[in-house]
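Same order as they appear, the protein sequences are chains F, Y and U. Using my numbering, you'd call the opening residue of the first sequence number 1 and step up by one each time. Using my numbering, you'd call the opening residue of the second sequence number 378 and step up by one each time. Using my numbering, you'd call the opening residue of the third sequence number 544 and step up by one each time.
Worth flagging that the hints you see were computed from the coordinates, not collected in a lab. It is possible that part of the hints are untrue.
With a Cα cut of at most 30 Å, we get these calculated BS3-like pairs of lysine-lysine [as the list claims (entries may be wrong)]:
id: 1; chain 1: Y; residue 1: 474; chain 2: F; residue 2: 208
id: 2; chain 1: F; residue 1: 180; chain 2: F; residue 2: 209
id: 3; chain 1: F; residue 1: 212; chain 2: Y; residue 2: 410
id: 4; chain 1: U; residue 1: 581; chain 2: F; residue 2: 209
id: 5; chain 1: Y; residue 1: 410; chain 2: U; residue 2: 567
id: 6; chain 1: F; residue 1: 171; chain 2: F; residue 2: 211
id: 7; chain 1: F; residue 1: 171; chain 2: Y; residue 2: 410
id: 8; chain 1: F; residue 1: 209; chain 2: F; residue 2: 174
In this text, all values refer to a predicted model and were calculated from it rather than measured experimentally.
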Amino acid sequence: MKIAKKSIKFLTIALVALFSATIFASDLDKKQDNHKDGGEVNTQEEVTAYIQHHLKDSHDFTFFSYTSSEGERKHFGFSLPVILWSSEGLVTFMSSEFHHNDDGHVIVEKNGLKFAKIHSKIYELDNGAATVSFDETHHATNAHKTLDFSITKSVVGILFAAFLMLLWFSKLAKQYKTRKVPKGFGRVLEPLVIYVRDEIARPNIGEKKYKKFMGFLLTVFFFIWILNLLGLTPLGFNVTGQIAVTVALAMFTMVIYLFSGSKDFWAHTLWMPGVPVILRPILAIIELAGFILIKPFSLLVRLFANITAGHFVVMSLIALMVTMKEAFGPVASTGMSLALALFIMVIEILVAFLQAFIFTMLSSLFIGMAVEEHEHH
Amino acid sequence: METLLNDFSPGLFAMQIVILLILLFLMKKFAWKPILNSLEERETGIEEALEAAENARKEMQNLTADNERLAKEARAERDAMMKDARDIRDKMISEAKEDAKEVTTKLIENAQASIQQEKQAALAELKKNVAELSIGIAESVIKKELSSKEDQLALVEGILKEVELN
Amino acid sequence: MYNLIGAGLIVIGGGIGLGQIGGKAMEGIARQPEAAGKIQTAMIIIGALLEGLAFGALILGKA
Numbered sequence: 001m002k003i004a005k006k007s008i009k010f011l012t013i014a015l016v017a018l019f020s021a022t023i024f025a026s027d028l029d030k031k032q033d034n035h036k037d038g039g040e041v042n043t044q045e046e047v048t049a050y051i052q053h054h055l056k057d058s059h060d061f062t063f064f065s066y067t068s069s070e071g072e073r074k075h076f077g078f079s080l081p082v083i084l085w086s087s088e089g090l091v092t093f094m095s096s097e098f099h100h101n102d103d104g105h106v107i108v109e110k111n112g113l114k115f116a117k118i119h120s121k122i123y124e125l126d127n128g129a130a131t132v133s134f135d136e137t138h139h140a141t142n143a144h145k146t147l148d149f150s151i152t153k154s155v156v157g158i159l160f161a162a163f164l165m166l167l168w169f170s171k172l173a174k175q176y177k178t179r180k181v182p183k184g185f186g187r188v189l190e191p192l193v194i195y196v197r198d199e200i201a202r203p204n205i206g207e208k209k210y211k212k213f214m215g216f217l218l219t220v221f222f223f224i225w226i227l228n229l230l231g232l233t234p235l236g237f238n239v240t241g242q243i244a245v246t247v248a249l250a251m252f253t254m255v256i257y258l259f260s261g262s263k264d265f266w267a268h269t270l271w272m273p274g275v276p277v278i279l280r281p282i283l284a285i286i287e288l289a290g291f292i293l294i295k296p297f298s299l300l301v302r303l304f305a306n307i308t309a310g311h312f313v314v315m316s317l318i319a320l321m322v323t324m325k326e327a328f329g330p331v332a333s334t335g336m337s338l339a340l341a342l343f344i345m346v347i348e349i350l351v352a353f354l355q356a357f358i359f360t361m362l363s364s365l366f367i368g369m370a371v372e373e374h375e376h377h
Numbered sequence: 378m379e380t381l382l383n384d385f386s387p388g389l390f391a392m393q394i395v396i397l398l399i400l401l402f403l404m405k406k407f408a409w410k411p412i413l414n415s416l417e418e419r420e421t422g423i424e425e426a427l428e429a430a431e432n433a434r435k436e437m438q439n440l441t442a443d444n445e446r447l448a449k450e451a452r453a454e455r456d457a458m459m460k461d462a463r464d465i466r467d468k469m470i471s472e473a474k475e476d477a478k479e480v481t482t483k484l485i486e487n488a489q490a491s492i493q494q495e496k497q498a499a500l501a502e503l504k505k506n507v508a509e510l511s512i513g514i515a516e517s518v519i520k521k522e523l524s525s526k527e528d529q530l531a532l533v534e535g536i537l538k539e540v541e542l543n
Numbered sequence: 544m545y546n547l548i549g550a551g552l553i554v555i556g557g558g559i560g561l562g563q564i565g566g567k568a569m570e571g572i573a574r575q576p577e578a579a580g581k582i583q584t585a586m587i588i589i590g591a592l593l594e595g596l597a598f599g600a601l602i603l604g605k606a
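Work out the full structure: start from the sequences and follow the hints.
The structure is reproduced here in structure tokens:
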């Protein structure tokens, strides 16, 4: 109870701090070129653009935005630092300098370089260019992408999840020093830890070797689960729906199982015994491709696609109240979208757990394949 | 695929790898290691406690069995002792009875023997006394009778007669 | 256009496969209720593998 109370207190303080920060950070920028981010969302195309914008990472943390009676676009949220590795070296500034513009019309000048933000990506303008010019397919012709190490919304989400994990589990670890059975929130966490150990790691990796991989499996399980659940909150994180994040996670798994592979594993992968010699190189290529490409790819795509699809469906169903307004009237469309969104939301909560479970499960399965020592008959 | 690659942000990828590495290290050190260790400790503790309880139960069983056996033995011993005591008592009684009988018979015999002896003695005394008395009488009678010749003859004749009769 | 048709076909194939997995798993559980846990885990793993395949093809085909 104490822990719960404390964390609630902490959360309230954090939220109050956030909103007081918003007052300073929220900038009133003119409603210029509002066809992308901003303005009302009415048509099907606008809804799709809005959803696609949400699915991408963003450089500032916006809780909500609205258009005031004077026609000004107001954003409530706070800006985040932008850290770029440009052609001239490190460049940093706050994302508020882009004034929430996302189509490359606001140019930020730093260190003699010009930067523009197009579809949540920061481009560095080529020498001599003053504005970004686009070709027919809306690709910038006189700007190129920079290496962007910004503290984006996703990075904030990652840090938040990491912070939560450290807070909860170090507390749980401390409890064991004074008592055998944890109390409070630790009582919720302990069965989950035991679940990962007994249902995921032990049966798939094997009694002898599972201990070495417990740290990774537990970290990844809770990391993905917390971020999946954070994605369902109105904070609007979409971290596990970022392909870069899932690629990193899958690469961790791949590196771990490739580096802990037993002799038997490599023997079976590269020179399969009991198969005609002519077939062995072909099998080796297939097996190697499986372990280096296909398995990590399926891992990363599954997580990415599930979360992205989930966000897309939930937001589309919420948008039903806008798109169906003319056909069914405001009450019916709102009710329908509410009921459907609620239904999908419940499923998404299940999916949030399931995807964390599947990722951990398949990781431990692959690790188990790699560390397994075959009995030679 | 193209939009997928376009969406891939190398910066976010690098940030994720760095943060995850740090997180892995911190979690391993401050959370997972102590948690898993104490979980394992607790589990082995529970297992040991269960085993100890099982052992204690078995020991208790053994103890009660032992107790029962001891009690049985004690009872048997007591019974045997009682039986022995009874036997000894019976034997003693019968022996005492026999002894008493023997003693009494002996006493009676002795008494009878001594009575017989006394009787004999008394009889012999009596005989002696009677003989002396009769001799005395006879003496005196003879002294008186034989003072005359005829008397003597008469007597002899009488005696002779008697002898002949005998 | 063809991409969308391909994506639709992938989804149909994945749906048929998932249905098969789910149905067979139910049959298995009905036949051997004591093995329900194991069957469920195996079902989820195979379902996830299939889903990964379907999503992979969908993304490669559509995006």
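These are the hints, each one checked on the structure:
The straight-line distance between the Cα atoms of residue 474 of chain Y and residue 208 of chain F is roughly 89 Å, outside the 30 Å bound, and the hint therefore fails. At roughly 26 Å between alpha-carbon atoms, residue 180 of chain F and residue 209 of chain F fall within 30 Å of each other, so this suggested pair holds. Distance check on the hinted pair: residue 212 of chain F and residue 410 of chain Y sit about 11 Å apart at the alpha-carbon level, within 30 Å; holds. Using a Cα cut-off of 30 Å, the hinted pair residue 581 of chain U and residue 209 of chain F holds, with the two alpha carbons roughly 21 Å apart.
Of the pairs offered as hints, the one joining residue 410 of chain Y and residue 567 of chain U is violated, with about 40 Å between alpha carbons and a cut-off of 30 Å exceeded. Between residue 171 of chain F and residue 211 of chain F the CA atoms are separated by roughly 22 Å; this keeps the pair inside 30 Å, and the hint holds. The suggested pairing of residue 171 of chain F with residue 410 of chain Y holds, with an alpha-carbon distance near 13 Å, which does not exceed 30 Å. For the hint pairing residue 209 of chain F with residue 174 of chain F, the CA-to-CA distance comes to about 26 Å; that is within 30 Å, so the pair holds.
Checked against the numbered hints above, the structure breaks hints 1, 5 and satisfies the rest.
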